[in-house]
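Using the numbering used here, count along the sequence shown one by one with no gaps and you end on 407.
Not one of these hints is a red herring.
List time: in silico BS3-like cross-link candidates among lysine-lysine, alpha-carbon distance up to 25 Å:
#1 K104 with K273
#2 K396 with K273
#3 K104 with K117
#4 K104 with K396
These are calculated hints, taken from the structure and not from any lab test.
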Amino acid sequence: MYLAGANESDPSAAVGDLNVSIVLAEASRFILKTGTDLGNTEGSAYGNLLWRNVFGGAESLSLNASLGTRTRSAYSAAFSTPINSNPDLRASVEGLSSTTQKPWASHEEVFNGGKVKLDWLTSARNLHSLNYSGAWRQVTGLTGAASPTVRDDAGDTFKHAVTHTFTRDRRDNPLLPHSGYYVRTRNELAGWGPLGGDVSFGKSEIDLAAALPIPLPGIGAERTGISVGAGFRMGVLYPLASGYGLGGPAQPSRINDRFQLGGPTDVRGFKLGGLGPHDGPDAVGGDVFAAGGVNVLLPLPRAGPASPLRLQLFANGGRLVALKNKGKGKETGAGRAMEAGAVARGISSALAELGTGLPSTTVGVGLVYAHPVARFELNFSLPLVLRGREEARKGLQVGVGISFL
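Using the sequences and the accompanying hints, generate a full structural model.
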(Lines of atoms letter the chains of each structure in order from A and count residues from 1; the text may use other names and numbers.)
(Lines give C-alpha, C1' and ligand atoms only; values in the text may rest on other atoms or scores of the structure.)
Protein backbone atom coordinates (compact mmCIF):
# COMPACT_ATOMS: atom_id res chain seq x y z
CA MET A 1 0.00 0.00 0.00
CA TYR A 2 1.29 3.51 -0.90
CA LEU A 3 -0.09 6.79 0.49
CA ALA A 4 0.39 9.77 -1.82
CA GLY A 5 -0.36 13.30 -0.59
CA ALA A 6 -1.28 15.94 -3.21
CA ASN A 7 0.72 18.54 -1.30
CA GLU A 8 3.63 16.33 -0.30
CA SER A 9 6.15 18.73 -1.91
CA ASP A 10 5.01 21.52 0.43
CA PRO A 11 5.59 20.57 4.08
CA SER A 12 3.78 23.70 5.25
CA ALA A 13 0.48 22.68 3.65
CA ALA A 14 -2.46 22.50 6.06
CA VAL A 15 -3.62 19.08 7.12
CA GLY A 16 -7.16 19.93 6.03
CA ASP A 17 -5.93 20.45 2.46
CA LEU A 18 -4.29 17.03 2.23
CA ASN A 19 -5.62 14.76 -0.48
CA VAL A 20 -4.84 11.09 0.19
CA SER A 21 -5.04 8.46 -2.51
CA ILE A 22 -4.66 4.75 -1.82
CA VAL A 23 -2.94 2.55 -4.36
CA LEU A 24 -3.45 -1.20 -3.86
CA ALA A 25 -0.99 -3.60 -5.44
CA GLU A 26 -2.58 -6.82 -6.67
CA ALA A 27 -1.38 -9.88 -4.81
CA SER A 28 0.70 -12.33 -6.77
CA ARG A 29 -1.28 -14.91 -8.73
CA PHE A 30 1.32 -17.57 -7.98
CA ILE A 31 2.39 -18.53 -4.46
CA LEU A 32 4.92 -21.26 -3.74
CA LYS A 33 5.34 -22.37 -0.14
CA THR A 34 7.35 -25.04 1.60
CA GLY A 35 7.50 -25.83 5.29
CA THR A 36 6.29 -28.10 8.02
CA ASP A 37 2.73 -28.86 9.00
CA LEU A 38 1.24 -30.15 12.24
CA GLY A 39 -2.02 -32.06 12.24
CA ASN A 40 -3.69 -34.42 14.65
CA THR A 41 -1.03 -36.81 15.98
CA GLU A 42 1.47 -36.29 13.16
CA GLY A 43 3.82 -33.85 11.49
CA SER A 44 4.90 -33.45 7.89
CA ALA A 45 7.04 -31.48 5.47
CA TYR A 46 5.18 -30.05 2.52
CA GLY A 47 5.35 -28.07 -0.69
CA ASN A 48 2.38 -26.11 -2.04
CA LEU A 49 1.81 -24.23 -5.30
CA LEU A 50 -1.24 -21.95 -5.41
CA TRP A 51 -2.44 -20.32 -8.63
CA ARG A 52 -5.05 -17.70 -7.86
CA ASN A 53 -7.53 -16.07 -10.19
CA VAL A 54 -6.85 -18.69 -12.86
CA PHE A 55 -9.45 -17.41 -15.37
CA GLY A 56 -10.03 -13.99 -13.82
CA GLY A 57 -13.05 -15.00 -11.73
CA ALA A 58 -11.48 -15.76 -8.31
CA GLU A 59 -10.77 -19.40 -9.22
CA SER A 60 -7.85 -21.17 -7.59
CA LEU A 61 -5.71 -24.20 -8.35
CA SER A 62 -3.73 -25.79 -5.53
CA LEU A 63 -1.07 -28.50 -5.90
CA ASN A 64 0.33 -30.14 -2.76
CA ALA A 65 2.95 -32.74 -1.92
CA SER A 66 3.95 -33.86 1.58
CA LEU A 67 6.00 -36.44 3.44
CA GLY A 68 5.05 -37.16 7.03
CA THR A 69 5.57 -39.24 10.13
CA ARG A 70 2.37 -41.25 9.66
CA THR A 71 1.11 -40.19 6.25
CA ARG A 72 4.27 -41.32 4.51
CA SER A 73 3.40 -39.53 1.28
CA ALA A 74 0.45 -37.52 0.00
CA TYR A 75 -0.14 -35.77 -3.30
CA SER A 76 -3.23 -33.71 -4.03
CA ALA A 77 -4.66 -31.27 -6.54
CA ALA A 78 -7.75 -29.08 -6.07
CA PHE A 79 -9.49 -26.61 -8.37
CA SER A 80 -12.05 -24.29 -6.77
CA THR A 81 -14.32 -21.61 -8.23
CA PRO A 82 -17.11 -19.37 -6.88
CA ILE A 83 -20.57 -19.83 -8.37
CA ASN A 84 -22.20 -16.72 -9.86
CA SER A 85 -19.33 -14.65 -8.41
CA ASN A 86 -20.58 -15.43 -4.89
CA PRO A 87 -17.61 -15.92 -2.51
CA ASP A 88 -19.87 -17.78 -0.05
CA LEU A 89 -20.80 -20.43 -2.64
CA ARG A 90 -17.96 -22.44 -4.14
CA ALA A 91 -17.57 -25.61 -6.16
CA SER A 92 -14.40 -27.64 -6.27
CA VAL A 93 -12.85 -30.75 -7.77
CA GLU A 94 -10.14 -32.55 -5.78
CA GLY A 95 -7.85 -35.52 -6.25
CA LEU A 96 -5.70 -37.29 -3.66
CA SER A 97 -3.15 -40.08 -3.57
CA SER A 98 -1.63 -41.10 -0.24
CA THR A 99 0.09 -43.86 1.71
CA THR A 100 -0.58 -43.90 5.45
CA GLN A 101 0.86 -46.13 8.15
CA LYS A 102 -1.57 -47.63 10.67
CA PRO A 103 0.80 -48.84 13.40
CA TRP A 104 -2.05 -49.58 15.81
CA ALA A 105 -3.37 -52.22 13.38
CA SER A 106 -0.22 -53.68 11.72
CA HIS A 107 -0.82 -52.34 8.19
CA GLU A 108 -0.76 -49.34 5.92
CA GLU A 109 -3.45 -47.95 3.65
CA VAL A 110 -2.93 -46.78 0.08
CA PHE A 111 -5.62 -44.35 -1.05
CA ASN A 112 -6.32 -43.06 -4.56
CA GLY A 113 -9.46 -41.06 -5.15
CA GLY A 114 -11.21 -37.82 -5.86
CA LYS A 115 -14.28 -35.81 -5.03
CA VAL A 116 -16.61 -33.14 -6.37
CA LYS A 117 -17.64 -30.72 -3.64
CA LEU A 118 -20.02 -27.83 -3.06
CA ASP A 119 -19.45 -25.50 -0.08
CA TRP A 120 -21.75 -22.72 1.02
CA LEU A 121 -21.83 -20.28 3.91
CA THR A 122 -25.28 -19.23 5.09
CA SER A 123 -26.34 -15.77 6.22
CA ALA A 124 -26.11 -17.09 9.80
CA ARG A 125 -22.42 -17.95 9.11
CA ASN A 126 -22.96 -21.70 9.22
CA LEU A 127 -20.86 -23.74 6.82
CA HIS A 128 -22.28 -26.60 4.74
CA SER A 129 -20.29 -28.98 2.56
CA LEU A 130 -21.79 -31.58 0.20
CA ASN A 131 -19.56 -33.90 -1.81
CA TYR A 132 -19.51 -37.02 -3.93
CA SER A 133 -16.32 -39.07 -3.66
CA GLY A 134 -14.87 -42.16 -5.23
CA ALA A 135 -11.81 -44.00 -3.98
CA TRP A 136 -9.72 -47.11 -4.55
CA ARG A 137 -8.30 -48.22 -1.21
CA GLN A 138 -5.76 -50.91 -0.37
CA VAL A 139 -5.05 -52.44 3.04
CA THR A 140 -1.49 -53.56 2.46
CA GLY A 141 1.98 -53.67 4.01
CA LEU A 142 0.89 -56.09 6.74
CA THR A 143 3.47 -56.89 9.38
CA GLY A 144 4.19 -60.40 10.59
CA ALA A 145 2.16 -59.75 13.75
CA ALA A 146 -0.98 -58.76 11.85
CA SER A 147 -4.10 -60.32 13.36
CA PRO A 148 -6.66 -62.48 11.50
CA THR A 149 -9.08 -59.54 11.46
CA VAL A 150 -6.57 -57.34 9.62
CA ARG A 151 -5.63 -60.15 7.25
CA ASP A 152 -9.31 -60.77 6.42
CA ASP A 153 -9.73 -57.11 5.42
CA ALA A 154 -6.47 -56.92 3.43
CA GLY A 155 -6.68 -56.15 -0.26
CA ASP A 156 -8.60 -53.71 -2.44
CA THR A 157 -11.96 -52.01 -1.97
CA PHE A 158 -13.79 -49.44 -4.08
CA LYS A 159 -15.84 -46.89 -2.20
CA HIS A 160 -18.33 -44.38 -3.63
CA ALA A 161 -20.06 -42.07 -1.18
CA VAL A 162 -22.10 -38.91 -0.73
CA THR A 163 -21.24 -36.87 2.38
CA HIS A 164 -22.76 -33.79 4.01
CA THR A 165 -20.96 -31.82 6.73
CA PHE A 166 -22.45 -28.99 8.78
CA THR A 167 -20.29 -26.71 10.96
CA ARG A 168 -21.27 -23.92 13.33
CA ASP A 169 -18.36 -22.37 15.22
CA ARG A 170 -19.08 -19.60 17.71
CA ARG A 171 -15.89 -19.93 19.79
CA ASP A 172 -13.71 -16.90 20.40
CA ASN A 173 -10.58 -18.96 19.66
CA PRO A 174 -10.80 -22.43 18.03
CA LEU A 175 -7.47 -23.59 19.50
CA LEU A 176 -7.85 -22.11 22.99
CA PRO A 177 -11.54 -21.33 23.51
CA HIS A 178 -12.44 -19.06 26.40
CA SER A 179 -16.11 -18.74 25.52
CA GLY A 180 -18.59 -19.90 22.89
CA TYR A 181 -19.65 -23.21 21.39
CA TYR A 182 -19.01 -25.48 18.42
CA VAL A 183 -21.27 -27.93 16.56
CA ARG A 184 -20.25 -30.21 13.72
CA THR A 185 -22.20 -33.05 12.12
CA ARG A 186 -21.12 -35.38 9.35
CA ASN A 187 -23.38 -37.84 7.51
CA GLU A 188 -22.09 -40.25 4.87
CA LEU A 189 -23.91 -42.72 2.62
CA ALA A 190 -21.63 -45.19 0.84
CA GLY A 191 -22.36 -47.88 -1.73
CA TRP A 192 -26.15 -47.87 -1.58
CA GLY A 193 -28.36 -47.52 -4.67
CA PRO A 194 -26.62 -46.01 -7.71
CA LEU A 195 -23.42 -45.27 -5.78
CA GLY A 196 -21.97 -48.74 -6.35
CA GLY A 197 -18.62 -49.92 -5.04
CA ASP A 198 -18.06 -52.92 -2.80
CA VAL A 199 -18.69 -51.32 0.60
CA SER A 200 -22.12 -50.13 1.66
CA PHE A 201 -23.04 -48.31 4.87
CA GLY A 202 -24.46 -45.20 6.49
CA LYS A 203 -22.19 -43.31 8.88
CA SER A 204 -23.12 -40.41 11.18
CA GLU A 205 -20.97 -38.39 13.57
CA ILE A 206 -21.58 -35.43 15.87
CA ASP A 207 -18.98 -33.26 17.62
CA LEU A 208 -20.02 -30.75 20.30
CA ALA A 209 -17.88 -28.39 22.38
CA ALA A 210 -18.43 -25.39 24.61
CA ALA A 211 -16.38 -23.10 26.84
CA LEU A 212 -17.42 -20.75 29.64
CA PRO A 213 -15.26 -18.03 31.25
CA ILE A 214 -15.09 -18.05 35.05
CA PRO A 215 -15.09 -14.78 37.05
CA LEU A 216 -13.34 -14.15 40.34
CA PRO A 217 -14.45 -11.72 43.07
CA GLY A 218 -13.74 -8.22 41.78
CA ILE A 219 -12.48 -9.49 38.42
CA GLY A 220 -14.68 -9.92 35.36
CA ALA A 221 -14.90 -13.30 33.68
CA GLU A 222 -13.26 -12.04 30.50
CA ARG A 223 -10.19 -10.84 32.43
CA THR A 224 -9.36 -13.84 34.59
CA GLY A 225 -8.22 -16.15 31.79
CA ILE A 226 -9.93 -19.03 33.61
CA SER A 227 -12.40 -21.12 31.66
CA VAL A 228 -14.25 -24.42 31.90
CA GLY A 229 -14.69 -26.43 28.73
CA ALA A 230 -16.61 -29.56 27.79
CA GLY A 231 -16.80 -31.72 24.69
CA PHE A 232 -18.79 -34.68 23.41
CA ARG A 233 -18.42 -36.86 20.32
CA MET A 234 -20.51 -39.75 19.07
CA GLY A 235 -20.66 -41.84 15.92
CA VAL A 236 -22.61 -44.75 14.43
CA LEU A 237 -21.76 -46.88 11.39
CA TYR A 238 -24.74 -48.83 10.01
CA PRO A 239 -23.97 -51.60 7.44
CA LEU A 240 -26.37 -51.60 4.47
CA ALA A 241 -27.22 -54.05 1.72
CA SER A 242 -25.73 -53.29 -1.68
CA GLY A 243 -28.00 -52.04 -4.45
CA TYR A 244 -31.41 -50.48 -3.86
CA GLY A 245 -32.79 -52.94 -1.33
CA LEU A 246 -32.92 -52.32 2.40
CA GLY A 247 -33.84 -55.83 3.49
CA GLY A 248 -31.02 -57.83 1.94
CA PRO A 249 -27.90 -59.13 3.69
CA ALA A 250 -25.25 -56.57 4.59
CA GLN A 251 -21.54 -57.17 4.85
CA PRO A 252 -19.90 -56.14 8.16
CA SER A 253 -17.86 -52.95 8.18
CA ARG A 254 -14.19 -53.05 7.23
CA ILE A 255 -11.22 -51.87 9.26
CA ASN A 256 -10.63 -48.82 7.06
CA ASP A 257 -14.21 -47.58 7.61
CA ARG A 258 -14.68 -48.27 11.33
CA PHE A 259 -14.08 -45.71 14.09
CA GLN A 260 -10.89 -45.61 16.14
CA LEU A 261 -10.77 -44.03 19.60
CA GLY A 262 -7.97 -43.17 22.00
CA GLY A 263 -4.94 -40.92 21.86
CA PRO A 264 -3.69 -37.48 22.89
CA THR A 265 -6.33 -35.55 20.90
CA ASP A 266 -9.47 -37.37 22.09
CA VAL A 267 -9.37 -39.76 25.07
CA ARG A 268 -6.03 -38.79 26.60
CA GLY A 269 -4.12 -41.36 28.61
CA PHE A 270 -4.64 -44.08 25.98
CA LYS A 271 -2.54 -45.09 23.01
CA LEU A 272 -3.71 -44.30 19.49
CA GLY A 273 -6.63 -46.64 18.90
CA GLY A 274 -6.20 -47.89 22.44
CA LEU A 275 -9.92 -48.11 23.23
CA GLY A 276 -12.39 -50.65 21.95
CA PRO A 277 -12.09 -54.04 20.24
CA HIS A 278 -8.65 -55.59 19.76
CA ASP A 279 -7.55 -58.72 17.96
CA GLY A 280 -4.19 -59.71 19.34
CA PRO A 281 -1.91 -56.66 19.07
CA ASP A 282 -4.22 -54.80 16.68
CA ALA A 283 -6.85 -52.18 17.40
CA VAL A 284 -9.52 -53.18 14.89
CA GLY A 285 -12.02 -50.37 15.53
CA GLY A 286 -15.73 -50.30 16.24
CA ASP A 287 -19.07 -49.33 14.75
CA VAL A 288 -20.47 -47.22 17.61
CA PHE A 289 -18.64 -44.84 19.92
CA ALA A 290 -19.23 -42.07 22.42
CA ALA A 291 -16.60 -39.96 24.16
CA GLY A 292 -16.64 -36.88 26.35
CA GLY A 293 -14.42 -34.71 28.45
CA VAL A 294 -14.23 -31.67 30.71
CA ASN A 295 -11.28 -29.43 31.36
CA VAL A 296 -10.31 -26.32 33.29
CA LEU A 297 -7.79 -23.91 31.77
CA LEU A 298 -5.84 -21.64 34.14
CA PRO A 299 -3.32 -18.92 33.25
CA LEU A 300 0.18 -19.37 34.60
CA PRO A 301 1.15 -16.79 37.24
CA ARG A 302 3.96 -15.14 35.29
CA ALA A 303 2.36 -15.52 31.86
CA GLY A 304 -0.97 -13.84 32.65
CA PRO A 305 -4.42 -14.24 31.06
CA ALA A 306 -3.35 -12.83 27.68
CA SER A 307 -0.74 -15.54 27.13
CA PRO A 308 -1.49 -18.52 24.83
CA LEU A 309 0.04 -20.76 27.53
CA ARG A 310 -2.31 -22.42 30.03
CA LEU A 311 -2.32 -24.98 32.82
CA GLN A 312 -4.91 -27.69 32.17
CA LEU A 313 -6.84 -30.00 34.47
CA PHE A 314 -8.89 -32.60 32.64
CA ALA A 315 -10.99 -35.73 32.81
CA ASN A 316 -12.12 -37.65 29.75
CA GLY A 317 -13.54 -41.03 28.86
CA GLY A 318 -15.26 -43.02 26.17
CA ARG A 319 -16.52 -46.32 24.82
CA LEU A 320 -15.98 -47.92 21.41
CA VAL A 321 -18.14 -50.95 20.58
CA ALA A 322 -18.17 -53.34 17.63
CA LEU A 323 -21.42 -54.45 16.05
CA LYS A 324 -22.24 -58.01 17.05
CA ASN A 325 -23.94 -60.63 14.93
CA LYS A 326 -26.73 -61.46 17.34
CA GLY A 327 -27.40 -64.75 15.58
CA LYS A 328 -23.86 -65.92 16.35
CA GLY A 329 -23.27 -63.93 19.51
CA LYS A 330 -19.93 -62.57 18.44
CA GLU A 331 -18.42 -59.58 16.72
CA THR A 332 -18.89 -59.46 12.97
CA GLY A 333 -16.02 -60.18 10.63
CA ALA A 334 -15.21 -60.68 6.98
CA GLY A 335 -17.52 -62.99 5.08
CA ARG A 336 -20.24 -63.11 7.78
CA ALA A 337 -23.17 -61.33 6.12
CA MET A 338 -25.98 -60.12 8.37
CA GLU A 339 -29.67 -59.91 7.55
CA ALA A 340 -31.34 -56.51 7.96
CA GLY A 341 -33.02 -57.55 11.20
CA ALA A 342 -29.72 -58.74 12.66
CA VAL A 343 -28.05 -55.43 11.77
CA ALA A 344 -30.82 -53.46 13.50
CA ARG A 345 -30.61 -55.65 16.61
CA GLY A 346 -26.83 -55.40 16.61
CA ILE A 347 -26.87 -51.59 16.42
CA SER A 348 -29.46 -51.43 19.20
CA SER A 349 -27.35 -53.74 21.35
CA ALA A 350 -24.18 -51.73 20.68
CA LEU A 351 -25.89 -48.46 21.63
CA ALA A 352 -27.17 -50.04 24.83
CA GLU A 353 -23.68 -51.32 25.62
CA LEU A 354 -22.32 -47.76 25.57
CA GLY A 355 -24.23 -47.12 28.78
CA THR A 356 -23.32 -50.39 30.46
CA GLY A 357 -20.73 -49.86 33.16
CA LEU A 358 -18.28 -47.01 33.46
CA PRO A 359 -16.56 -45.66 30.35
CA SER A 360 -12.80 -46.01 30.01
CA THR A 361 -11.68 -42.95 31.96
CA THR A 362 -8.56 -40.85 32.48
CA VAL A 363 -7.76 -37.79 34.60
CA GLY A 364 -4.69 -35.61 34.39
CA VAL A 365 -2.91 -32.29 34.41
CA GLY A 366 -0.81 -30.62 31.76
CA LEU A 367 0.36 -27.57 29.85
CA VAL A 368 -1.40 -26.21 26.76
CA TYR A 369 0.12 -23.84 24.21
CA ALA A 370 -1.98 -22.41 21.38
CA HIS A 371 0.30 -21.70 18.45
CA PRO A 372 -1.34 -19.98 15.44
CA VAL A 373 -1.13 -23.21 13.39
CA ALA A 374 -1.81 -25.89 16.02
CA ARG A 375 -2.42 -26.64 19.68
CA PHE A 376 0.33 -28.31 21.70
CA GLU A 377 -0.32 -30.29 24.87
CA LEU A 378 2.06 -31.92 27.34
CA ASN A 379 -0.04 -33.92 29.80
CA PHE A 380 0.45 -36.29 32.69
CA SER A 381 -2.40 -38.80 32.51
CA LEU A 382 -3.66 -41.31 35.04
CA PRO A 383 -6.03 -43.98 33.64
CA LEU A 384 -8.73 -44.89 36.14
CA VAL A 385 -10.97 -47.29 34.18
CA LEU A 386 -10.05 -49.55 31.27
CA ARG A 387 -11.29 -52.83 29.84
CA GLY A 388 -9.51 -56.00 28.86
CA ARG A 389 -7.12 -55.61 25.91
CA GLU A 390 -7.44 -51.81 25.92
CA GLU A 391 -4.09 -50.04 25.93
CA ALA A 392 -3.67 -47.22 28.43
CA ARG A 393 -0.69 -44.90 28.68
CA LYS A 394 0.07 -43.72 32.19
CA GLY A 395 2.47 -40.81 32.47
CA LEU A 396 3.54 -38.09 30.03
CA GLN A 397 1.85 -37.80 26.67
CA VAL A 398 2.37 -35.18 23.94
CA GLY A 399 -0.51 -34.06 21.74
CA VAL A 400 -0.34 -31.85 18.66
CA GLY A 401 -3.40 -31.04 16.59
CA ILE A 402 -6.17 -28.64 15.66
CA SER A 403 -9.12 -30.52 17.19
CA PHE A 404 -9.13 -31.80 20.78
CA LEU A 405 -11.87 -33.35 22.90
